[in-house]
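Asker: Protein sequences appear in the order of chains X and H. At position 215 of the first sequence the residue is numbered 214 (numbering that gives the first Met the number 0), and the sequence of numbers has no breaks. At position 172 of the second sequence the residue is numbered 171 (numbering that gives the first Met the number 0), and the sequence of numbers has no breaks.
Hints are computed from structural coordinates only; laboratory data are not their basis. Among the hints, erroneous ones may be present.
Claimed, not checked - Quick list of the computed label-pair ranges, beta carbon to beta carbon:
1. H:S220 / X:A36: 34 to 44 Å
2. H:D88 / X:G135: 25 to 35 Å
3. H:D88 / X:P70: 13 to 23 Å
4. H:Q156 / X:P109: 32 to 42 Å
5. X:G135 / H:I261: 49 to 59 Å
6. X:V128 / H:Q156: 14 to 24 Å
7. X:R121 / H:R84: 38 to 48 Å
8. H:P92 / X:D9: 35 to 45 Å
9. H:P278 / X:P65: 43 to 53 Å
10. H:P92 / X:T220: 50 to 60 Å
11. H:D88 / X:G63: 51 to 61 Å
12. X:R121 / H:L72: 21 to 31 Å
13. X:G63 / H:Q279: 47 to 57 Å
14. H:P92 / X:A123: 43 to 53 Å
For every residue, glycine included, the Cβ atom is placed at its ideal position computed from N, Cα and C.
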Amino acid sequence: MSLLAVDRLDAFYGDFQALFGVGLEVGEGEIVAVIGANGAGKSTFLRSVAGLLAARRDAIVFAGQPIGGAPAHTIVGMGVAMVPEGRKLFPSLSVEENLRIGAYRGRPGPWTLDRVWRLFPRLAERRRVSGTAMSGGEQQMAAIGRALMSNPRLMLCDEISLGLAPVVVRELYAALPGVVAEGCSLLVIEQDIGQALRIADRVYCFQEGRVTLAGRPAELTRERIAAAYFGA
Amino acid sequence: MDWVSVILEGALLGGLYALFAAGLSLAFGIMRLVNLAHGDFIVVSAYIALFLAQTVGLHPLVAYPLAVAIMGLVGFLLQRGLLNRVMGDDIMPPLLVTFGISIMLQNLLLQIFSADTRGLVGGGLQTASLALGHGIAIGWLPLLTMGVAVAVIGALQLLMVRTRLGLAFRATSDDQTTARLMGIDTRLIYAVAMAVALVVVAIAGILFAIRTTFDPASGPSRLIFAFEAVIIGGMGSLWGTLVGGIILGITQAIGFALSPGIGLLFGHLAFLAVLVFRPQGLFPRTRGA
């Protein structure tokens, strides 16, 4: 059984329909990447799964439970964490407080402050500073650490490489296998197709609110991806 | 004229203004809610205390804390049942709703308690004073009020910095959507914030009603004092509201000493001066821990 099973999901912003019958699955221990151009509906998709947008109840099933349209805070409590686009650290909280707020629901699991400090030692040195006073890469580490503090079974990552130097992106991605090893599956949105293909077990391509391609990186040729990404 | 007494008296009056301001500042700081009924809630607290002490006949030391607890419950239910429904990206709907609540409360109080001015019993506290020598004496009630203000603001500060609830308040204040992604039920947090705000309002309202007489129309001018103290001190800074309240109290007291007609005007002028020269207030909210 899949950890996350999305079936025929539609999403709307007012009258504007952003997703059309999207289907996607994430298995236990899997890393799934979603690629697609700007405006393809990738972020909308993550926001729907996280409970920030209305959805048909049975369109999103997590660990056997329908969660479509459930309040975001209950979805977090069930084990779905989000690393939001733009990192969104809380500016009036210190780095340590940002991490502690990630554990607000008190879900038991392997992730503690100490574990996060070990995953990203640079954060430990800066635990007392304001979350937004750090470099972009450090903020992204804190945002990932904050999501891990909720001890999720599934972590949603929205463009964690956005606006960061390649060396920092490599450092961030190098940390992800350790996260999976602790029993957390990953659903990542990534504009950098090369990065997505390197890390993912499976890849989905979105275009104009629809899934245009799905498969394992080894099965996907450059031509098929280009066609799915830009439209043929 | 004894200026030392005037300034001392004004500074202690500032304790009351700081209490007026703290509840307003809390609601604005956490929810971006500008509560135009704030002054009327101060007066409603006084009437509830009056009702419990006089009509029901409870001892003031039972009646007043009970009134504070009732106001906390009112705050929670008000936010859950009404204000949460109108809160969103637009600050206008809650502004209009609290404006409506203000008018309704004033008329409701008028209907139930008539337009007569009332006062709360303070067990002689109103007139007792402490002689400091050199002909200077300060009242026990203003001193007590200042003590309560410092204690309340200190407690709120501890709540915000040291507790899990405070962490949730600050995160929700920073970014409501991301707070939800942390598993925080922001609607519940809002209701708790309003409960805390109205608890502070009720403490302020009871001290105010022991100090001076009040009637159903006393609310709006208390709202103005609260606003002025918040702006002078700096939005979102709890200790700033104490300083803002003290500055407002001292300028009013100086004005009153010069001529009884211009006391309030002096306070308003101090407020305008801050708005013109330092619109962010004296202690703007500091970012980071």
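Asker: Next, verify each hint and record whether it holds.
Answerer: Hints, one by one, checked against the model:
1. H:S220 / X:A36: 34 to 44 Å: 58 Å, violated
2. H:D88 / X:G135: 25 to 35 Å: Distance hint for D88 of chain H, G135 of chain X holds at roughly 27 Å.
3. H:D88 / X:P70: 13 to 23 Å: Roughly 18 Å apart at Cβ, these two residues keep to the hinted range, so it holds.
4. H:Q156 / X:P109: 32 to 42 Å: Holds - the Cβ-Cβ distance for Q156 of chain H and P109 of chain X, about 34 Å, lies within 32 to 42 Å.
5. X:G135 / H:I261: 49 to 59 Å: Holds, since G135 of chain X and I261 of chain H (Cβ atoms, about 55 Å apart) stay within the stated range.
6. X:V128 / H:Q156: 14 to 24 Å: 21 Å, holds
7. X:R121 / H:R84: 38 to 48 Å: 44 Å, holds
8. H:P92 / X:D9: 35 to 45 Å: Given a distance of about 29 Å, which is not inside 35 to 45 Å, the answer is violated.
9. H:P278 / X:P65: 43 to 53 Å: 50 Å, holds
10. H:P92 / X:T220: 50 to 60 Å: This hint holds: roughly 54 Å between Cβ atoms.
11. H:D88 / X:G63: 51 to 61 Å: Violated, at about 35 Å.
12. X:R121 / H:L72: 21 to 31 Å: Distance hint for R121 of chain X, L72 of chain H is violated at roughly 47 Å.
13. X:G63 / H:Q279: 47 to 57 Å: For Q279 of chain H against G63 of chain X, whose Cβ atoms are near 52 Å apart, the range 47 to 57 Å holds.
14. H:P92 / X:A123: 43 to 53 Å: Given about 44 Å between the Cβ atoms, the range holds.
Violation of the numbered hints given earlier is confined to hints 1, 8, 11 and 12; the remaining hints are satisfied by the structure.
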